[in-house]
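Asker: The lines below spell out each chain.
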Amino acid sequence: MSTLHTVNKTAADDALAACLRVATSGDSLLLIEDGVYQASTITGHPQAQVLKLFALKEDTDARGISLPSSVTPIDYAQFVELACQHSRSVSWF
Amino acid sequence: MSTLHTVNKTAADDALAACLRVATSGDSLLLIEDGVYQASTITGHPQAQVLKLFALKEDTDARGISLPSSVTPIDYAQFVELACQHSRSVSWF
Amino acid sequence: MKLTVLVHSAPYSSEAAYSAYRFTSSALAAGHEIYRLFFYYDGVHNSNASSTPPQDEFDLVKAWSELIKTHKLDAISCVSSALRRGVLDPQEATRYEKEAASMGAQFVLSGLGQLVDANTNSDRVMSFGA
Amino acid sequence: MKLTVLVHSAPYSSEAAYSAYRFTSSALAAGHEIYRLFFYYDGVHNSNASSTPPQDEFDLVKAWSELIKTHKLDAISCVSSALRRGVLDPQEATRYEKEAASMGAQFVLSGLGQLVDANTNSDRVMSFGA
Amino acid sequence: MSTLQSPKTITFISRSTPYGSGRAKACLDMVLSAAAFEQKINLVFMDDGVWQLQAAQKPKSIDAKDLSAALSALPLFDVNNIFAESKSLSARDLDPASLAIGVKACSAEAIAVLIRESDVVYQL
Amino acid sequence: MSTLQSPKTITFISRSTPYGSGRAKACLDMVLSAAAFEQKINLVFMDDGVWQLQAAQKPKSIDAKDLSAALSALPLFDVNNIFAESKSLSARDLDPASLAIGVKACSAEAIAVLIRESDVVYQL
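Chains as they are written, first to last, in the numbering used here: chain A, 1 to 93; chain B, 1001 to 1093; chain C, 2001 to 2130; chain D, 3001 to 3130; chain E, 4001 to 4124; chain F, 5001 to 5124.
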């Protein structure tokens, strides 16, 4: 019954904040596109502690961003798998 | 030598904050489009005190927004006048 | 699984349409079925066959076209979004007396009912926007 | 005064192109000269004559066209932005072997050099974007 | 189109201002289309989306159609589960009792429950 | 085109990420065009625009061209007044000494001076 959330905006936008307010324990959060710029700060959000955290490797590589150990890099094939493993997705943009 | 700044984004965006950091005494700030949603809070910014503050009446009317007395409503004809009275403009979007 | 991909954004102006393309390609490569591609709002620009990026840049419109042809995908451009944005098929161009019909032959103009249908008949819907 | 208006945004997807139109109309009404309209980035969609909004909605593409015609304005659509976004004139459509040329006859495809020229020869440049 | 089977529960999260972009209108069109096919609909306003609920909009001044008027027609299409996040309303100094249409002010936790009970969620 | 007279001072404020939208590339194209016509150019990175300066970008992974590589060619076009706002850099934990190209870290006050001394300012 869990949800996959994707966020593709930097901290200049309120998309991640909205997502974190409504994401619940067991949900997954995948940072894609410009969302990967928030990988290093997301673990500071209390609400992020109960989520499984991922970032799209193609997008982190493109931008020269390295990930903290709490955020798992995945590729597009694994992104598809994640989408299938969750009951639904919410794309925050 | 003064500058006309326009801002067309809500507080969900960092456009106004950037504008306020670099706008200087004697500059004018005109809120247009979604920027008019910041009319009621802009006077709380210390940097806004040294600026002449305007909001585009067509956009406040459209959105049902009322202005504090510190922000002057102007129409498109006055917007054109403002643009001509200043040496340059910066559109923050 | 049966997946539907909803695309809200134009090529070039944001990365989202490219991400949707990569997601779709990867899903097909993994053996999933794409029930429908639905291009909505600025996403309809993905169906504009007149798009001509520089030769050394990735041609997303062409890539979608080839993916749709190869896998015989059902690719719908939302008709009300597309009309506003000037992406017409020959039939709509004739109806509205417009000279140019730029929509690619791989795409079909249709309404939001096709997205409601996709909700019902897909296992998952994935949205991409900016 | 001589004014140049730079438009970065498409109709319908944001209000910015509409604001640019109102600003331009008001400047002309006040007796100012519009040295140039320059449509850049997503702004080139303002020059797509195939745009067909619902009849009860404001038709911004048509409004631009009429304003340009009435006042004989110099209206330039940035060629590299327009090619990417599939807004071609007949000459570019022929050159790139595309079937559809949807750019309105009131607009001219040209390069960013025309914006540099406008910087030099206008008293003010006003930008609109989203 | 394949035959529509049993209705799905669809939650729409509308997070955009009414006139600054076309997103709010595009979201409403999706809602109306789902309503026409008799789906179970939740419509949630969050963040800048609550500006759509501001009273006394007069968008004729910018040649736009009144989005709040269109929203007020939703009950005619049997769209009755309309929510606005309390935190988003209060951050914008919007009084839930003085909005253009009747909505249920709710917490983020309540929105989380709506999402969990949905087959499909759209955010725009 | 009318004859170009004496060069103008043009300041470009680049506030967008390199690949999330086409804005950063569009801003760079404007800079290069102005440089080709030998205008006096200031290029300022603010807010998310400083992400364009991140080292070790490999945008081939998303089929994009390397924007930071293009930026590094700017001195060849005599664009040497390149600034990044210190506050924007530090907010993103970017070290001015380890960026993809050489820029002058500067205060918002310094950017205000650049604007005041410009004939035209573009923000993208």
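Bear in mind the hints are in silico, worked out from the structure with no lab data behind them. Remember, predicted model here, so these are calculated numbers, not experimental data. Ideal Cβ placement from N, Cα and C applies to all residues, glycine included. Do not rely on the hints blindly, as some may be mistaken.
Derived contacts from chain E toward chain D, CB cut-off under 7 angstroms, selection only [what the hints assert, rightly or not]:
#1 Gly-4020
#2 Ser-4021
#3 Gly-4022
#4 Phe-4037
#5 Glu-4038
Asker: Indicate, hint by hint, whether the structure satisfies it.
Answerer: Each hint, compared with the structure:
no., hint, verdict
1, Gly-4020, "holds (5 angstroms)"
2, Ser-4021, "holds (5 angstroms)"
3, Gly-4022, "holds (5 angstroms)"
4, Phe-4037, "violated (21 angstroms)"
5, Glu-4038, "violated (25 angstroms)"
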